[in-house]
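*Asks:* For reference, the chains in residue letters:
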Amino acid sequence: EAQVTQNPRYLITVTGKKLTVTCSQNMNHEYMSWYRQDPGLGLRQIYYSMNVEVTDKGDVPEGYKVSRKEKRNFPLILESPSPNQTSLYFCASSPGTGLGNTIYFGEGSWLTVV
Amino acid sequence: EDQVTQSPEALRLQEGESSSLNCSYTVSGLRGLFWYRQDPGKGPEFLFTLYSAGEEKEKERLKATLTKKESFLHITAPKPEDSATYLCAVRLVGDKIIFGKGTRLHILP
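So the sequence lines, in the order shown, correspond to chains P and Y. Heads up: the first sequence begins at 1 in our numbering, then just goes up one per residue. Heads up: the second sequence begins at 1 in our numbering, then just goes up one per residue.
This is chain P alone, in the form it adopts within the complex (with noise of 0.2 Å):
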């Protein structure tokens, strides 16, 4: 079955406590990106990566990492997390960046910095 996984799901954190939130997709896709969802703010987008070793900011990459080593996998990297980066995270790939390449979401990983 085609997918998008991300984990943990859940977590639970305290501040400054370094933590990586993996997403793995098995489609072979070359885009991939992640995204944080917050109440009043929707979605925006963290950072994306259009193939193996490239990678770009999004709109709110402040205290984030990402690297991307291989094409199947694209972690999240939290080095000394906040209480403002307490969210809901989205994990998502998509063949390409042509047009009519849809994007693929992951289920979510809810984290909470305390």
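Mixed in with the good hints there might be a few duds.
Claimed, not checked - Distance windows between CB atoms, simulated:
id, chain 1, residue 1, chain 2, residue 2, range
1, P, GLN3, Y, THR76, 30 to 36 Å
2, P, VAL14, Y, LYS69, 42 to 48 Å
3, Y, THR5, P, GLY16, 23 to 29 Å
4, Y, THR26, P, GLU53, 41 to 47 Å
5, Y, SER28, P, GLN3, 42 to 48 Å
6, Y, SER28, P, ASN26, 44 to 50 Å
7, P, THR20, Y, LYS63, 40 to 46 Å
8, Y, LYS63, P, LYS65, 23 to 29 Å
9, P, ASN84, Y, GLN3, 19 to 25 Å
What the hints contain is simulated information worked out from the structure, not anything from laboratory work. Quick caveat, the model's predicted, so the values are computed rather than measured. All residues carry an ideal CB built from backbone N, CA and C; glycine is no exception.
We have chain P already, so just place chain Y on it with the hints.
*Replies:* Relative to chain P, chain Y alone:
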């Protein structure tokens, strides 16, 4: 500044009462406009992609249209199971994607 605005923020309809959701955009270099449906606690589910003004797409009770400055999602004779948040997003030249804040749709039986 690139911007996507959806209206209304929330909409309550009776079952069978048709209506339209709006997505207006001010962007440079539009590559495509997407509509998604999102249920509470779930990831967005793809509905439509539109590329050029005048384009229309349909799926069951939903029909999406696009002009140079806005898109409409028309819902005909909705059912309670159509209740969800509907999200509009634009893909820009350079492949950045911007989402609107969504319209929460509630269909009353």
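*Asks:* Which hint numbers doesn't this structure obey?
*Replies:* Numbers 3, 4, 5, 6 and 8, in rising order.
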